[in-house]
Amino acid sequence: MTPWLIFGAKAVGGLACQMGVGPAFTIVERRVAAWIQGRVGPNRVGPLGLFQPLADLVKFISKEQIVPADADRVLFLLGPLLVFAPPIFGFCVIPYGNMIGDEHLQIANLPIGVLFVMSVISTGVYGMMLGGWASNNKYALLGSLRASAQIISYELSLGLAILIAVMMSSSLDLNVIVEQQAGKGFGAWNVFGGGHLSQLPSGLLGFGLMFICALAENNRLPFDLSECEAELVGGYHTEYSSMSLGVFMLSEYLSMILMCGLMTSIYLGGWSFPGITDPSDHSILAGLISWAVFMTKILSMMFVYVWIRWTLPRFKYNQLMDLGWKAFLPASLVNIALLAVIGVMGV
Amino acid sequence: MPKIKIDGKEVEVVPGTRVIDACDHEGLDIPRFCYHPGLTPAGNCRMCLVKVSNSRKLEVSCVYPCSEGLEVTTSGPEVEAGRKAVLEYMLINHPLDCPICDKAGECQLQDNTAEHRDGLTRFVDPKVVKDTKDLGPQIKIWGSRCISCTRCVRFCEEVVGTGELAMTQRGDHQVADVHPEIPLDNPMSLNVVDICPVGALIDKDFLYASRVWFTKRTDTVCAGCSKGCNIVATVHQNDIKRVQPRENHAVNHYWMCDAGRQGLDYVKGPNRLKLHRGDRKTLAAKLSAIAARGPARVGILASTYATVEEAYLLKQVADQLGARVGFIGRGGDEWTAKNGWKIEADKTPNRAGVAMVFGAVEGPEAILAGVQSGAIQALLVVNGMPGATYAPELLAAAKKLELLAVCDIEKSPLSEAAHVVIASTTWAEKDGVYVNSTGRVQRIQPLIVSQGQARSDVATLQEILVGLGVRRAVLSTEAVFTEAVPALDYAKVGSQGVVLASSPEATTTVSLGAK
Amino acid sequence: MANDDRVGSRDVEPKGFLAKTLMKLYVPSVLSGMKKTMEYMIRPKATLQYPEVKRVTRKGYRGEHRLKQDEQGRMKCVACFMCQTACPAECIEITAGPSPWPDRDKAPVQFRIDMMKCIYCGMCEEACPCDAIELTETYTQVSTSREEKIYDINRLLSN
Ligand code: SF4
Ligand code: SF4
Ligand code: SF4
Ligand code: SF4
Ligand code: FES
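Protein chains in written order, with my numbering: chain A, 1 to 347; chain B, 1 to 515; chain C, 1 to 159.
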């Protein structure tokens, strides 16, 4: 009985991290966007407009679900769900706090957590592809084509950037990767070289590449060409309405949270923060503090996402592809070679 | 023929011509108030000052005759100074309440003040205020605005001969007025409103009705009697606000009668027929079926309000159906003014035109008899005459009719009883041509858009003729006119009309078309 | 730099390999952009929370019209149509009639302004010889139908 209870508690905690932050972040996004544009933003629903996501939810649910006449009904409705599921699966292996007692704060402790996340992330594109295709609308189809081409292109660089962190930590287990960075000061964070000053350039470059590729993976501005409204109306979700559109939108935030969680874990020391968390303290309080640290890191990264979104204009498609193939891929390869050489030389 | 020089230009004039007329002929703009070409010159306003070679002072051009070698200067500092001074005097007591004056926008005093005067008045004493009062049932005077030009007085005396108006009081209290017991109500009285150069005399119907600059003006011909006065209608927001005479020396000179100006309410009146009723499409088929049963089974009742085009089409229908056509008309009193200006007794505008098409105008009696005896089984009524009344016997006998089709402008017991009713356009809403009592062919034009479903009889009759197989398509009114009178079209009729050969005054010889 | 897509900030010509590469990767432009947006983010906003806070109009603000009245409460308008004539939006429609007061001839029987056509230019106020119409500082106009938007004489007098 107890293992199930513990698992249940961990699952609820993990899901809460993601599902709670997702909608909440929509309001953050809208307020920040407004501030950047010299506006005030939604501030009417509840104190400071905090209940706006609830209002949005009610609106989404109460709207009519329209399925285009010639659409493939089953695939059309399946699309959003296929986009929605992967980020949730992926988040299962992200450690969202220090151990409490003997339990990792992580839904599933997989030894190959990094690989699992990567494989799961890439399945998200199927949902977009399906949705775009099943809509029987050329804009939707073009949007989903763009999305798949873009995600595949950037997955290469993303994978290579993740590889850097894996190489530094010599493990695919996210718990191990995080624990290696915890409790030893900022220098132990993989972004700063994982304890070896000689690896600092690789760490920085790797993190930078991963950050940018994550933007592209999540179809975030400046890489949101798949829903480029100037050319494609709404991109792959042109024909979607009501809650199915809501699910698409929510999935975008969920996968953002997953990406930020992954980046935090493999590069930014996960739930640890020098001077605040103590990796050897396995009490409940310490666990909660580490959780708070983790969430703060995720939220700060997401804030940067938003900040970037409202700063940069959208790239052109050729620029996007140029960057991915001609700049990021070679840079990642060179970075790996560099790190390998440094590692072999044992500097 | 004396030769004179106007502003250096040599002009030859008929002996006895006044300088102002010579200048007008040259297209020069001489400001004026009291001079009116239809009245004897009075020379009392002194606005028309010009410089002439045989006088040292400025002379009033409206009375100064042209003599051989006269040199006239119509502009220059001296003339301008003279006009300015005259205007300044005129404005001493004039209220200049243009914002609330109904003449504003077409007022000669306003125009001349704008043109020839600068600066404000130097006169500091209070202005003389004169009465505002009724001069007659239709006319009101704003005494303060009167500039004592005597145009109105001369009109009543010289043209009408009734002389109700006179200048009363003296000096700056002078004003046009009537005797308390003799109101200004002669049959042409409203012309004084048009000729008053200022807003002193106002037609109560037009009072506060509209500012003239918002209005649209359309030339047409009065339908009040067979004289066919040329008129211009002032229309605002699809509403006829007033009609005024238009200069045509072959017909009405500068004048028109009061009756012609009034009684246009029927156009938008409560009695207007606005909706069609019954089956219009099968009308032609039904008429021809009845006509096929024997001679004169179909009767047509029309009025001498019908235009030439309508009469022409009616004749075609009648010929095809073997029908007799009877015309109702309206008579009244003839009236002649002192100067010979006549109001005709025939109160319909186109008896001559109908006569030209049909040869002779038959009355409605034969139709009535036919309907009563049952010989006529179908009756087609096409009437554009307002206030038409139908004989009670006809209304009683109409029950016997198998088919009663009424194209009319107003509701009547006949249209109530009809099987098919077609709402027609009135004089104010249609194109067409009237021929007046002297044989002058003149054109009417639509002044406003038609009411409800009302459509022109020309279109209705052509549709029937298409149904009867006589015509192939529905043409424009002008095309029908040119068909009826091949020698003419609307452009040739023009704004002043042309005369047909049958008339004693004929100058243009025009013959009627084949039918 | 032939490829126009790659031009970053044109102000500074980059020197050295690293600088050039960063420039090619848009790094300086992105950073300067983010600096700018951060400035905007923390800057105080000009927005007023409208129904709670109302903007104080400046003198001469042109809002809804009012037909003025004299000391005895009689409307000043004499139905001269000057405002209707001057109005570039053709939104004034006056119906004139005789005045009920002895000191003038004419007064409006009806005076309508179509507030939806009006462009609030103030020409009517400018044109009026009697100082009878003015634009008030009321800028909120609430109505639930088009008809309500056509203000009639009573509405204009009570404004
Ligand atoms: S009569 Fe002429 S000048 Fe006098 S108030 Fe009327 S419009 Fe003005
Ligand atoms: S009322 Fe008019 S027409 Fe008659 S004298 Fe006065 S200004 Fe002249
Ligand atoms: S403000 Fe301008 S547009 Fe509005 S009624 Fe006055 S003149 Fe017309
Ligand atoms: S301009 Fe003034 S007086 Fe004239 S109608 Fe307009 S509001 Fe009335
Ligand atoms: S017009 Fe000549 S004196 Fe009046």
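Some hints could be false.
Unchecked claim - Rough simulated footprint, nothing fancy, chain A against chain C, three-plus residues with beta-carbon under 8 Å:
id: 1; segment: 33-41
id: 2; segment: 45-57
Said to hold, decoys possible - Dumping the calculated DSSO-like pairs for lysine-lysine here, alpha-carbon to alpha-carbon at most 27 Å:
id: 3; chain 1: B; residue 1: Lys281; chain 2: B; residue 2: Lys216
id: 4; chain 1: B; residue 1: Lys241; chain 2: B; residue 2: Lys315
id: 5; chain 1: C; residue 1: Lys68; chain 2: A; residue 2: Lys326
id: 6; chain 1: C; residue 1: Lys117; chain 2: B; residue 2: Lys133
id: 7; chain 1: C; residue 1: Lys54; chain 2: C; residue 2: Lys36
id: 8; chain 1: B; residue 1: Lys140; chain 2: B; residue 2: Lys338
id: 9; chain 1: B; residue 1: Lys51; chain 2: B; residue 2: Lys9
id: 10; chain 1: B; residue 1: Lys268; chain 2: B; residue 2: Lys347
id: 11; chain 1: B; residue 1: Lys5; chain 2: B; residue 2: Lys216
id: 12; chain 1: C; residue 1: Lys76; chain 2: B; residue 2: Lys127
id: 13; chain 1: B; residue 1: Lys140; chain 2: B; residue 2: Lys342
id: 14; chain 1: B; residue 1: Lys84; chain 2: B; residue 2: Lys133
id: 15; chain 1: A; residue 1: Lys316; chain 2: C; residue 2: Lys20
id: 16; chain 1: B; residue 1: Lys315; chain 2: B; residue 2: Lys216
id: 17; chain 1: A; residue 1: Lys184; chain 2: A; residue 2: Lys63
id: 18; chain 1: C; residue 1: Lys54; chain 2: A; residue 2: Lys326
id: 19; chain 1: C; residue 1: Lys76; chain 2: B; residue 2: Lys204
id: 20; chain 1: A; residue 1: Lys326; chain 2: C; residue 2: Lys15
id: 21; chain 1: B; residue 1: Lys140; chain 2: C; residue 2: Lys76
id: 22; chain 1: A; residue 1: Lys316; chain 2: C; residue 2: Lys149
id: 23; chain 1: C; residue 1: Lys54; chain 2: C; residue 2: Lys20
id: 24; chain 1: A; residue 1: Lys316; chain 2: C; residue 2: Lys35
id: 25; chain 1: C; residue 1: Lys24; chain 2: A; residue 2: Lys316
id: 26; chain 1: B; residue 1: Lys204; chain 2: B; residue 2: Lys133
id: 27; chain 1: B; residue 1: Lys3; chain 2: B; residue 2: Lys51
id: 28; chain 1: B; residue 1: Lys216; chain 2: C; residue 2: Lys20
Honestly, the hints are just simulated from the structure, not real lab data. Small disclaimer: the values here were computed from a predicted structure and weren't measured. Glycine included, C-beta positions come from ideal geometry on N, C-alpha and C.
Results of checking the hints against the structure:
For the segment 33-41 of chain C, the stated coverage by chain A holds: 7 residues have a C-beta nearer than 8 Å to a C-beta of that chain, and at least 3 were required. Only residues whose beta carbon comes within less than 8 Å of a beta carbon in chain A count, and the segment 45-57 of chain C has 4; three or more means the coverage holds. Between Lys281(B) and Lys216(B), the direct Cα distance comes to roughly 37 Å. Violation of the 27 Å bound is thereby established for this hinted pair. Of the supplied pair hints, the one linking Lys241(B) and Lys315(B) is violated, its CA atoms being roughly 36 Å apart against a limit of 27 Å.
Straight-line distance between C-alpha atoms of Lys68(C) and Lys326(A) comes to about 74 Å, which puts the hinted pair past the 27 Å bound. The hinted pair formed by Lys117(C) and Lys133(B) fails the criterion: a straight-line CA distance of about 40 Å is larger than 27 Å. As the CA atoms of Lys54(C) and Lys36(C) are separated by approximately 30 Å, the hinted pair breaks the 27 Å bound. Straight-line distance between C-alpha atoms of Lys140(B) and Lys338(B) comes to about 24 Å, which keeps the hinted pair within the 27 Å bound.
Distance hint between Lys51(B) and Lys9(B) is fulfilled; the C-alpha atoms sit about 14 Å from each other, no more than 27 Å. With a C-alpha separation of about 21 Å, the suggested pairing of Lys268(B) with Lys347(B) holds against the 27 Å cut-off. Distance hint between Lys5(B) and Lys216(B) is unfulfilled; the C-alpha atoms sit about 39 Å from each other, more than 27 Å. Among the hinted pairs, Lys76(C) with Lys127(B) is consistent with the structure: their alpha-carbon atoms are about 22 Å apart, no more than 27 Å.
Pair hint Lys140(B) plus Lys342(B) holds up; C-alpha atoms about 25 Å apart against a cutoff of 27 Å. A distance of roughly 31 Å separates the Cα atoms of Lys84(B) and Lys133(B); the hinted pair therefore is violated under the 27 Å criterion. Pair hint Lys316(A) plus Lys20(C) holds up; C-alpha atoms about 21 Å apart against a cutoff of 27 Å. Taking the CA atoms of Lys315(B) and Lys216(B), the gap is about 36 Å. The hint is violated against a cut of 27 Å.
This hinted pair does not check out: Lys184(A) and Lys63(A) have alpha carbons roughly 52 Å apart, beyond 27 Å. With a CA separation close to 55 Å, the supplied pair Lys54(C) and Lys326(A) exceeds the 27 Å bound. Between the alpha carbons of Lys76(C) and Lys204(B) the distance comes to roughly 24 Å, so the proposed pair stays at or under 27 Å and holds. With a CA separation close to 22 Å, the supplied pair Lys326(A) and Lys15(C) stays within the 27 Å bound.
Proximity of Lys140(B) to Lys76(C) is assessed by CA-CA distance (about 24 Å); at most 27 Å being required, the pair is judged to hold. Straight-line distance between C-alpha atoms of Lys316(A) and Lys149(C) comes to about 47 Å, which puts the hinted pair past the 27 Å bound. A threshold of 27 Å between alpha carbons decides the hint, and for Lys54(C) with Lys20(C) the separation of about 52 Å lies outside it, so the pair is violated. Distance check on the hinted pair: Lys316(A) and Lys35(C) sit about 23 Å apart at the alpha-carbon level, within 27 Å; holds.
Only pairs whose Cα atoms come within 27 Å are accepted, and Lys24(C) paired with Lys316(A) is accepted, the gap being roughly 15 Å. Proximity of Lys204(B) to Lys133(B) is assessed by CA-CA distance (about 11 Å); at most 27 Å being required, the pair is judged to hold. With a C-alpha separation of about 17 Å, the suggested pair Lys3(B) and Lys51(B) falls inside the 27 Å cut-off, and the hint holds. Restraint check for Lys216(B) and Lys20(C): the C-alpha separation of about 74 Å exceeds 27 Å, so the hint is violated.
The structure does not agree with the numbered hints 3, 4, 5, 6, 7, 11, 14, 16, 17, 18, 22, 23 and 28 stated previously, though it agrees with the rest.
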